[in-house]
Amino acid sequence: MLYKVMGRDVFKDFVKSLISDYEFIGPKKKDKAVHDFVPIKDISELDINYKRTTIPPAKKILFPPDEKLVTYEVNEKIKVRPLIESSEKVLFGINAWDINGMNFLDRFFVTDFIDENYLERRKKLIVIGMDSEPTETNFSPSMDSEYAKDGFDLYLTELKDRYFIRINTARGDEILKKYAVTEDALVKDFKDYNNYMDNYRKKFKLNVNIKDFYDNFELIYDDDEFWKRVAKNCYSCGSCNLACPTCFCFNVKDDIELNLKDGNKTREWDSCMLPEYGLVAGGLNFRPDKENRLKQRYRCKLKTFFDKFGRYACVGCGRCIEVCLAKINIADDINSIKKEVSV
Amino acid sequence: MSKPKVGIFGFTGCGGCQLEILNLEDQLLDLVSAVEIVHFTEAITEHSDNYEIALIEGSVTTEHDIERVKKIGDIAKIIVAVGSCAVNGGLNCLKNLYGVERAKELVYGDKKDWIDSIEVKPIDEYVRVDYYARGCPPNRLEIVDIIRSLIIGRKPEIPNYPVCVECKRNGNTCVYDFGITCLGPVTRAGCNSRCPSSGTGCESCRGLIDDPNINAQKDLLAEYGLTVEDIISQFNLYNACKKVIAKENKK
Amino acid sequence: MVNNLNIEVSPVSRVEGHGDLVINIKDKKIEKLIFRIPESPRFFEAMLVGRKYDEPSHITSRICGICSVAHTFASIKATERAMGIKPTEQTINLRRLIYHHENIQSNVLHVYFLAAPDFFGTGSVISLAETHPEVVDIALRTKKMANDMVRIIGGRAVHPIRTVVGGFTKLPTEQEMLEMRKMLEGAYPDLEKSLEILKTINIPDFERETEYISLSNSYEYALYDGNIKSTDGWEIDCQDYLDKISEEVVQHSTAKHCRANRDSYMVGALARFNNNYDKLTDNAKKYAEELGLKAPCYNAFMNNIAQFVEVVHSVDDSIRLIDKILEDGLDEEKAMVDIKPRAGRGVGVVEAPRGLLIHDYTYNKDGRVEKANLIIPTNMNFANIENDMKALVPEIIDKSEDEIRFACEMLIRAYDPCISCSTHMLDVKLINK
Numbered sequence: 069m070l071y072k073v074m075g076r077d078v079f080k081d082f083v084k085s086l087i088s089d090y091e092f093i094g095p096k097k098k099d100k101a102v103h104d105f106v107p108i109k110d111i112s113e114l115d116i117n118y119k120r121t122t123i124p125p126a127k128k129i130l131f132p133p134d135e136k137l138v139t140y141e142v143n144e145k146i147k148v149r150p151l152i153e154s155s156e157k158v159l160f161g162i163n164a165w166d167i168n169g170m171n172f173l174d175r176f177f178v179t180d181f182i183d184e185n186y187l188e189r190r191k192k193l194i195v196i197g198m199d200s201e202p203t204e205t206n207f208s209p210s211m212d213s214e215y216a217k218d219g220f221d222l223y224l225t226e227l228k229d230r231y232f233i234r235i236n237t238a239r240g241d242e243i244l245k246k247y248a249v250t251e252d253a254l255v256k257d258f259k260d261y262n263n264y265m266d267n268y269r270k271k272f273k274l275n276v277n278i279k280d281f282y283d284n285f286e287l288i289y290d291d292d293e294f295w296k297r298v299a300k301n302c303y304s305c306g307s308c309n310l311a312c313p314t315c316f317c318f319n320v321k322d323d324i325e326l327n328l329k330d331g332n333k334t335r336e337w338d339s340c341m342l343p344e345y346g347l348v349a350g351g352l353n354f355r356p357d358k359e360n361r362l363k364q365r366y367r368c369k370l371k372t373f374f375d376k377f378g379r380y381a382c383v384g385c386g387r388c389i390e391v392c393l394a395k396i397n398i399a400d401d402i403n404s405i406k407k408e409v410s411v
Numbered sequence: 004m005s006k007p008k009v010g011i012f013g014f015t016g017c018g019g020c021q022l023e024i025l026n027l028e029d030q031l032l033d034l035v036s037a038v039e040i041v042h043f044t045e046a047i048t049e050h051s052d053n054y055e056i057a058l059i060e061g062s063v064t065t066e067h068d069i070e071r072v073k074k075i076g077d078i079a080k081i082i083v084a085v086g087s088c089a090v091n092g093g094l095n096c097l098k099n100l101y102g103v104e105r106a107k108e109l110v111y112g113d114k115k116d117w118i119d120s121i122e123v124k125p126i127d128e129y130v131r132v133d134y135y136a137r138g139c140p141p142n143r144l145e146i147v148d149i150i151r152s153l154i155i156g157r158k159p160e161i162p163n164y165p166v167c168v169e170c171k172r173n174g175n176t177c178v179y180d181f182g183i184t185c186l187g188p189v190t191r192a193g194c195n196s197r198c199p200s201s202g203t204g205c206e207s208c209r210g211l212i213d214d215p216n217i218n219a220q221k222d223l224l225a226e227y228g229l230t231v232e233d234i235i236s237q238f239n240l241y242n243a244c245k246k247v248i249a250k251e252n253k254k
Numbered sequence: 445m446v447n448n449l450n451i452e453v454s455p456v457s458r459v460e461g462h463g464d465l466v467i468n469i470k471d472k473k474i475e476k477l478i479f480r481i482p483e484s485p486r487f488f489e490a491m492l493v494g495r496k497y498d499e500p501s502h503i504t505s506r507i508c509g510i511c512s513v514a515h516t517f518a519s520i521k522a523t524e525r526a527m528g529i530k531p532t533e534q535t536i537n538l539r540r541l542i543y544h545h546e547n548i549q550s551n552v553l554h555v556y557f558l559a560a561p562d563f564f565g566t567g568s569v570i571s572l573a574e575t576h577p578e579v580v581d582i583a584l585r586t587k588k589m590a591n592d593m594v595r596i597i598g599g600r601a602v603h604p605i606r607t608v609v610g611g612f613t614k615l616p617t618e619q620e621m622l623e624m625r626k627m628l629e630g631a632y633p634d635l636e637k638s639l640e641i642l643k644t645i646n647i648p649d650f651e652r653e654t655e656y657i658s659l660s661n662s663y664e665y666a667l668y669d670g671n672i673k674s675t676d677g678w679e680i681d682c683q684d685y686l687d688k689i690s691e692e693v694v695q696h697s698t699a700k701h702c703r704a705n706r707d708s709y710m711v712g713a714l715a716r717f718n719n720n721y722d723k724l725t726d727n728a729k730k731y732a733e734e735l736g737l738k739a740p741c742y743n744a745f746m747n748n749i750a751q752f753v754e755v756v757h758s759v760d761d762s763i764r765l766i767d768k769i770l771e772d773g774l775d776e777e778k779a780m781v782d783i784k785p786r787a788g789r790g791v792g793v794v795e796a797p798r799g800l801l802i803h804d805y806t807y808n809k810d811g812r813v814e815k816a817n818l819i820i821p822t823n824m825n826f827a828n829i830e831n832d833m834k835a836l837v838p839e840i841i842d843k844s845e846d847e848i849r850f851a852c853e854m855l856i857r858a859y860d861p862c863i864s865c866s867t868h869m870l871d872v873k874l875i876n877k
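These protein sequence lines map, in sequence, to chains A, B and C.
Our numbering puts the first residue of the first sequence at 69, with every later residue one more than the last.
Our numbering puts the first residue of the second sequence at 4, with every later residue one more than the last.
Our numbering puts the first residue of the third sequence at 445, with every later residue one more than the last.
Hints are not guaranteed to be accurate.
What the hints assert, rightly or not - Here are the simulated lysine-lysine pairs, DSS-like style, with alpha carbons at most 30 Å apart:
{"hint": "1", "chain 1": "C", "residue 1": "Lys768", "chain 2": "A", "residue 2": "Lys97"}
{"hint": "2", "chain 1": "B", "residue 1": "Lys221", "chain 2": "A", "residue 2": "Lys296"}
{"hint": "3", "chain 1": "C", "residue 1": "Lys496", "chain 2": "B", "residue 2": "Lys245"}
{"hint": "4", "chain 1": "C", "residue 1": "Lys614", "chain 2": "A", "residue 2": "Lys98"}
{"hint": "5", "chain 1": "A", "residue 1": "Lys136", "chain 2": "C", "residue 2": "Lys626"}
{"hint": "6", "chain 1": "C", "residue 1": "Lys588", "chain 2": "A", "residue 2": "Lys136"}
{"hint": "7", "chain 1": "C", "residue 1": "Lys834", "chain 2": "A", "residue 2": "Lys100"}
{"hint": "8", "chain 1": "A", "residue 1": "Lys100", "chain 2": "C", "residue 2": "Lys588"}
{"hint": "9", "chain 1": "B", "residue 1": "Lys6", "chain 2": "C", "residue 2": "Lys496"}
{"hint": "10", "chain 1": "A", "residue 1": "Lys96", "chain 2": "C", "residue 2": "Lys778"}
{"hint": "11", "chain 1": "B", "residue 1": "Lys158", "chain 2": "A", "residue 2": "Lys145"}
{"hint": "12", "chain 1": "A", "residue 1": "Lys279", "chain 2": "A", "residue 2": "Lys296"}
{"hint": "13", "chain 1": "B", "residue 1": "Lys6", "chain 2": "A", "residue 2": "Lys147"}
{"hint": "14", "chain 1": "A", "residue 1": "Lys395", "chain 2": "B", "residue 2": "Lys221"}
{"hint": "15", "chain 1": "C", "residue 1": "Lys496", "chain 2": "B", "residue 2": "Lys115"}
{"hint": "16", "chain 1": "B", "residue 1": "Lys114", "chain 2": "C", "residue 2": "Lys834"}
{"hint": "17", "chain 1": "A", "residue 1": "Lys128", "chain 2": "C", "residue 2": "Lys614"}
{"hint": "18", "chain 1": "B", "residue 1": "Lys8", "chain 2": "A", "residue 2": "Lys321"}
{"hint": "19", "chain 1": "C", "residue 1": "Lys729", "chain 2": "A", "residue 2": "Lys395"}
{"hint": "20", "chain 1": "B", "residue 1": "Lys80", "chain 2": "A", "residue 2": "Lys321"}
{"hint": "21", "chain 1": "C", "residue 1": "Lys809", "chain 2": "B", "residue 2": "Lys124"}
{"hint": "22", "chain 1": "C", "residue 1": "Lys778", "chain 2": "A", "residue 2": "Lys109"}
{"hint": "23", "chain 1": "C", "residue 1": "Lys530", "chain 2": "A", "residue 2": "Lys97"}
{"hint": "24", "chain 1": "B", "residue 1": "Lys245", "chain 2": "A", "residue 2": "Lys329"}
{"hint": "25", "chain 1": "C", "residue 1": "Lys626", "chain 2": "A", "residue 2": "Lys96"}
{"hint": "26", "chain 1": "B", "residue 1": "Lys6", "chain 2": "A", "residue 2": "Lys136"}
{"hint": "27", "chain 1": "A", "residue 1": "Lys321", "chain 2": "C", "residue 2": "Lys588"}
{"hint": "28", "chain 1": "A", "residue 1": "Lys395", "chain 2": "C", "residue 2": "Lys496"}
{"hint": "29", "chain 1": "B", "residue 1": "Lys221", "chain 2": "C", "residue 2": "Lys809"}
Honestly, the hints are just simulated from the structure, not real lab data.
Using the sequences and the hints, build the whole thing.
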């Protein structure tokens, strides 16, 4: 890791140059309360002071909601053509927990199988991170995710009159050299950065007792009453999964054109909360109840991948809490499992 | 492979479903070469009683409709109900709520006996229906998908999950965030979340998913200031024939 | 040659959605002539009772899939009038813009898909696609353009979503406005080709002067707004429509018949053309002239040509509107105005593709509908269609049965009465007595 600083005036020109030279994706105000990461053509559209985004930016770009995987042509022989879209893009302004969410997906999509589509895009994605304001439902410090150690090319932290820059890749270093005048970070810069981080961490109000979850979960696992209570209002709508930066499940659909010659296979985001997720050939559904599905989601997020990767499939961004119309709250539930067991 | 013969029939409705088929501009010519359309009320003069697949639009609202729909049921091997009116009665069912006799009197006064009109029912009250292309209007691409699936002999994939799924895939901000109520959480997707994507709440024109959490939806609407009357009224707009609330209360 | 003729569609064998025509001729004189619609009645006036003020536009758009935008706006205008809601200029301009495209879509559908097979002697648009593929291509392209415009502005082509009481729930982006402008520019070559095609068709030579009623205003070719105006010389505020227009239930049809000054009147493209010719764009006037359409025109068969001239006008005027909207700048703040439900009565009148469309609502203090009255253009034309037929049949009584039947079908189709009854219909049986 290299450390540099950049003046505020330099920052603006730096961003402008990136916008003109790259396909540039950054936060733009979408409506009253929400921002969205979209292609930016002019710096006036960019609004880095964002708080909420419905869909995690990295997931949206690297693992789009629906994606054509192959096209095929049925004649005497069947011709299949894989589709791998890959153009170089700058993802600008993504925050630490969403970078950590992406880091999870990075690991998932190359473990057990290599997802070429994901990987091609990921290689060509230049990631420039920046902190953003946490929402009230954000508990990323509890999940060790409010700070990103890697996964980015550059990470810019806004200090009073300058930006503190962490350079994580050679590509990041080159871009910085090409587009901005910077100076090496000095002791004072590190001091200010530390003060900034201390204050930044204070902005997160929600704490979650995740440490005790791993064991206690097994005790509560068979407590049907508990899960019925938690899942009572669940719509089985999948919003929690679809808005999650680490959820990766997808479904592949086969579409053939009306000419019965040309077709394609498309994948789309799936969700383990939908009733038909557990439906298998022969008509058996191994998870027919919403209580079962919710319980399984918690297990996947907070145990399965902790076992497998040594990290949670949850970065504490709080999106699942915000999008849930049934007010199901993973943070409350983790804490109440601790309480249930302690009482 | 011989082309399947398709008949497209209109019952009581607005004709919008047949129009959506005509609105398949880009695929219309492919469609008429993939199947042989032998009967299409809105578009062609020739008509024949020799068809394997019947697409039926509209509800059954007259004695004459009953006769006709049963005849189609006798002929067609596969019946697809197209659009809310055919699938679950749709808006037409508001007439039942008002009362058939009362409605006749309101609109036609002392001439009401000249009018043939009975209680509105979806077509599956009279004939077996194999597939449902829901919505008001239905999603024309879903109609194509059903026809295509029938040609190649697979089951059409009709979603059994709520509109919320499509809203999230489309990256929409939930309309509840703007204080707008929405029936999306209990309504069957497949419309590509058309209404919420346009900044307005879902009215459940596609009807409910198989296992909707009606009680949660009621709580949610009440929280947004709707009275019990408002809630019933919202559910009834397209689903009055299905008596969603009444059914739930009996449970 | 026939002296006695009995043309009828027996109610037993009626085919769905068809209008029925009964003509009995004895000694070359018409004894009985009835044009009827056996469409199942819907009872919208009853469905509306008790519904909240934001619902009628969604409910009434379902009266007709093909003119759902017209119903939506007649409904919205009635509600806005009843509650004293004043939408912004931006809203009105966007409404005018989307309105043009329902008109284009409907007119193109009628001229090409429904009427053209007559002119080219094919049974349907499907066989037309085999004999005259270029005509079908033009029709599909123009229709798609209009539908895409409605999709962009309204959220979908049938039963628009974004158009609501008080404004729009979502605005098109500037980018989309520019795309739409490009689509419109791209429509001109097809309009030129259409002109050449339409020049070659034969329109029957038939004239019967009647009363022509449409909206009219001082500033544009009225589709969205105006007073109700008649070629008989009267003009009234929409709110006073009951002073002039009355409806009656007739036994042979579920649709009511309408009367104004005389015992029948015509509405639709030809009526609009006769009342508002001078408000057409110069380009549209040029097309009219080339096709031999002059105001006033008393030949109902020319309604098809008037519809096409309107398509040209709507394309021209849409470009003007887009430029105006972009010049003013799209402003989210102006998308909606505040709504305070209150008691009151309001009448909303628009020009649906088929003519004058009237929604009349009375609201109670909770903003729920107490009473609704809807007058549909197709109903207005029924009596006039019958009168035209009574004039036409004696003129052609010396022709063959087939020719008489065909002329009657064509006349009814020229009125574009409503899609499900105008298409092809008239499975006419001729019985010589």
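Out of the numbered hints, which ones does the structure contradict? 7, 8, 9, 19, 21 and 24
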